[in-house]
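A.B. asks: Given next are the chains, with one letter for each unit.
2 protein chains.
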Amino acid sequence: MTTAKRDTYTPDTLLTVAVRVFNERGYDGTSMEHLSKAAGISKSSIYHHVSGKEELLRRAVSRALDGLFGILDEEHARVGTAAEQLEHVVRRTVEVLMAELPYVTLLLRVRGNTGTERWALERRREFDHRVAELLRAAAAEGDVRGDVEVRLATRLVFGMVNSIVEWYRPDGRGSAEREVVDAVVRLVFGGLRTGG
Amino acid sequence: MTTAKRDTYTPDTLLTVAVRVFNERGYDGTSMEHLSKAAGISKSSIYHHVSGKEELLRRAVSRALDGLFGILDEEHARVGTAAEQLEHVVRRTVEVLMAELPYVTLLLRVRGNTGTERWALERRREFDHRVAELLRAAAAEGDVRGDVEVRLATRLVFGMVNSIVEWYRPDGRGSAEREVVDAVVRLVFGGLRTGG
Chain A
0 MTTAKRDTYT
10 PDTLLTVAVR
20 VFNERGYDGT
30 SMEHLSKAAG
40 ISKSSIYHHV
50 SGKEELLRRA
60 VSRALDGLFG
70 ILDEEHARVG
80 TAAEQLEHVV
90 RRTVEVLMAE
100 LPYVTLLLRV
110 RGNTGTERWA
120 LERRREFDHR
130 VAELLRAAAA
140 EGDVRGDVEV
150 RLATRLVFGM
160 VNSIVEWYRP
170 DGRGSAEREV
180 VDAVVRLVFG
190 GLRTGG
Chain B
0 MTTAKRDTYT
10 PDTLLTVAVR
20 VFNERGYDGT
30 SMEHLSKAAG
40 ISKSSIYHHV
50 SGKEELLRRA
60 VSRALDGLFG
70 ILDEEHARVG
80 TAAEQLEHVV
90 RRTVEVLMAE
100 LPYVTLLLRV
110 RGNTGTERWA
120 LERRREFDHR
130 VAELLRAAAA
140 EGDVRGDVEV
150 RLATRLVFGM
160 VNSIVEWYRP
170 DGRGSAEREV
180 VDAVVRLVFG
190 GLRTGG
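Protein chains in written order, with numbering that gives the first Met the number 0: chain A, 0 to 195; chain B, 0 to 195.
Keep in mind the hints are simulated off the structure, nothing from the lab.
Every residue gets a Cβ at the ideal spot worked out from N, C-alpha and C, and that includes glycine.
There could be a bad hint or two in this list.
[Said to hold, decoys possible] Below, a sample of chain B positions facing chain A; criterion: calculated Cβ distance under 8 angstroms:
id, residue
1, L100
2, P101
3, R144
4, R154
5, L155
6, N161
7, V179
8, V180
9, R185
10, T193
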């Protein structure tokens with residue numbers, strides 16, 4: 000017999016557990032039973048904190064989306080040339096992805112079966128669209144190449160950035176974070192070729 | 000009552016169905032029952048063609064891996080500067096990914112729970128390693144930047160390339176294929192910045 004743990008969770012600490020389980024089993028494959036087992040508290044204790052697993056998903060992807068949209072409000076994303084703003088946004092997106100790794104991972108895996116998932120996909124598209132607009136402006140200003148279609152370039156750049164969730168694991172020292180951020184910015188803007 | 004279709008499958012046409020189901024449900028989540036339903040033939044008919052779902056997985060990922068490793072034997076992957084060879088390999092990798100889309104998609108989603116999956120992961124790592132060696136040689140020859148660590152650069156480049164499976168769908172005309180291939184080569188080698 001398993002002994003239920005005393006419920007010392009807050010909605011935030013419960014969220015940490017839920018996001019781990021969602022990322023391991025997939026959101027669709029996670030039941031309240033799985034969450035209850037992982038948290039070591041009863042299902043009714045979980046319902047004391049949240050209305051159900053969809054609320055946990057909404058809180059989790061909101062945290063990732065707030066981090067990402069917050070970037071667009073930063074000063075360096077609003078002043079300077081479009082290319083400078085774009086570089087700031089790319090750099091900060093990688094930083095937010097690494098700082099909020101489990102939340103961004105979950106956001107990137109959302110598929111669209113529930114209202115919350117569809118809302119999250121819509122917000123992601125909106126973020127990509129805002130970045131694509133910056134890229135378009137930078138191309139118009141002549142600082143970004145015009146021979147790759149803007150939407151395609153945005154997809155490929157996010158493809159590189161988002162792939163980081165597949166292998167990056169924090170080492171607690173922060174030196175790896177810095178190396179990854181610099182590598183992405185160098186490759187995205189200058190490419191592999193020397194003299195770029 | 001469903002009427003079983005007359006079994007006119009060959010191992011190859013059965014593979015097409017199996018790969019579609021594996022990509023939809025995940026390999027772990029696919030049972031022989033699912034394959035039987037999708038193919039419209041009985042489980043024993045499937046066993047007439049193959050020993051089980053793991054054989055189907057092996058055939059499918061082999062097709063993707065043969066396509067990828069075949070690139071490394073092509074003349075342009077073996078002559079010229081390392082940077083030229085690398086560019087050929089990147090270009091052809093995108094082409095093979097698009098030509099063998101369902102097979103490469105499956106390969107990229109393999110997780111390592113069975114012997115076949117672990118073998119596939121090992122072969123993928125070997126391919127990545129071969130590309131990393133080319134990148135290292137190109138950096139030594141001075142044609143590729145030396146300020147991004149080789150393994151990290153390889154991961155990021157494959158991150159961009161592999162992300163194509165998430166959104167690319169063939170239109171049958173081939174014009175989109177060419178645009179994507181050119182965009183990847185331009186961004187990977189020259190980056191977004193003009194004058195690169």
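A.B. asks: Indicate, hint by hint, whether the structure satisfies it.
C.D. replies: Hint by hint, here is what the structure shows:
Taken as an interface hint, B:L100 does not check out: its beta carbon lies about 15 angstroms from the nearest beta carbon of chain A, beyond 8 angstroms. Of the supplied interface hints, the one on B:P101 is violated, with its beta-carbon coming no nearer than about 18 angstroms to a beta-carbon of chain A, more than 8 angstroms. Hint on B:R144 holds. Least Cβ distance to chain A is approximately 5 angstroms, under the 8 angstroms limit. The criterion of a C-beta within 8 angstroms of any C-beta in chain A is met by B:R154, whose closest approach is roughly 6 angstroms, and the hint holds.
Given hint, B:L155 at the interface with chain A, holds; its Cβ is 5 angstroms from that chain's nearest Cβ, closer than 8 angstroms. Given hint, B:N161 at the interface with chain A, holds; its Cβ is 7 angstroms from that chain's nearest Cβ, closer than 8 angstroms. For B:V179, the suggested interface contact is upheld, since its CB lies about 7 angstroms from the closest CB of chain A, less than 8 angstroms. A distance limit of 8 angstroms between C-beta atoms decides the matter here; for B:V180 the minimum to chain A is near 11 angstroms, and the interface restraint is violated.
Because the beta carbon of B:R185 sits about 6 angstroms from the nearest beta carbon in chain A, less than 8 angstroms, this interface hint is met. At a threshold of 8 angstroms, the smallest CB-CB gap from B:T193 to chain A is about 5 angstroms, leaving the interface hint in force.
In this structure, the hints that do not hold are numbers 1, 2 and 8, in rising order.
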